[in-house]
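S.K.: Work out the full structure, taking the sequences as your base and the hints as a guide.
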Amino acid sequence: MAEKPLFRQLLEASTIGLNLVLATFVGLGMGYGLDYLFYKYLSMKTSPWFTIIFLLLGIIAGFREMVKIGRKTYDGNNKKDI
Numbered sequence: 000m001a002e003k004p005l006f007r008q009l010l011e012a013s014t015i016g017l018n019l020v021l022a023t024f025v026g027l028g029m030g031y032g033l034d035y036l037f038y039k040y041l042s043m044k045t046s047p048w049f050t051i052i053f054l055l056l057g058i059i060a061g062f063r064e065m066v067k068i069g070r071k072t073y074d075g076n077n078k079k080d081i
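When we follow numbering that gives the first Met the number 0, the leftmost residue of the sequence shown carries the number 0, and every step to the right adds one.
Be careful, since some hints might not be right.
[Stated by the list, open to error] Heads up, simulated EDC-like pairs for lysine to aspartate or glutamate below, C-alpha to C-alpha not over 16 Å straight-line:
hint, residue 1, residue 2
1, Lys3, Glu64
2, Lys3, Asp74
3, Lys71, Glu11
Hints are computed from structural coordinates only; laboratory data are not their basis.
M.R.: This is the structure:
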């Protein structure tokens, strides 16, 4: 099996950090939006609970995706050693 080009390897490495940051901000935005909607339309003061919960879910999703990409890269590197 041929090695991946350097550009392809750099692209895969950059997606790890990008996925972590994007998942965190998406979770933060969703939680903040839910807090805002609950307060505006239902007059329920849920702030900052949805923000905290969805921020944590976003961080977990980002790390999960990071591990998934890392395992895929690690498995690909080990297959060429056999």
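S.K.: Each hint: holds or not?
M.R.: Checked hints:
A threshold of 16 Å between alpha carbons decides the hint, and for Lys3 with Glu64 the separation of about 21 Å lies outside it, so the pair is violated. Between Lys3 and Asp74, the direct Cα distance comes to roughly 14 Å. Compliance with the 16 Å bound is thereby established for this hinted pair. For the hint pairing Lys71 with Glu11, the CA-to-CA distance comes to about 10 Å; that is within 16 Å, so the pair holds.
Comparing the model with each numbered hint stated earlier shows that hint 1 is the single one that does not hold.
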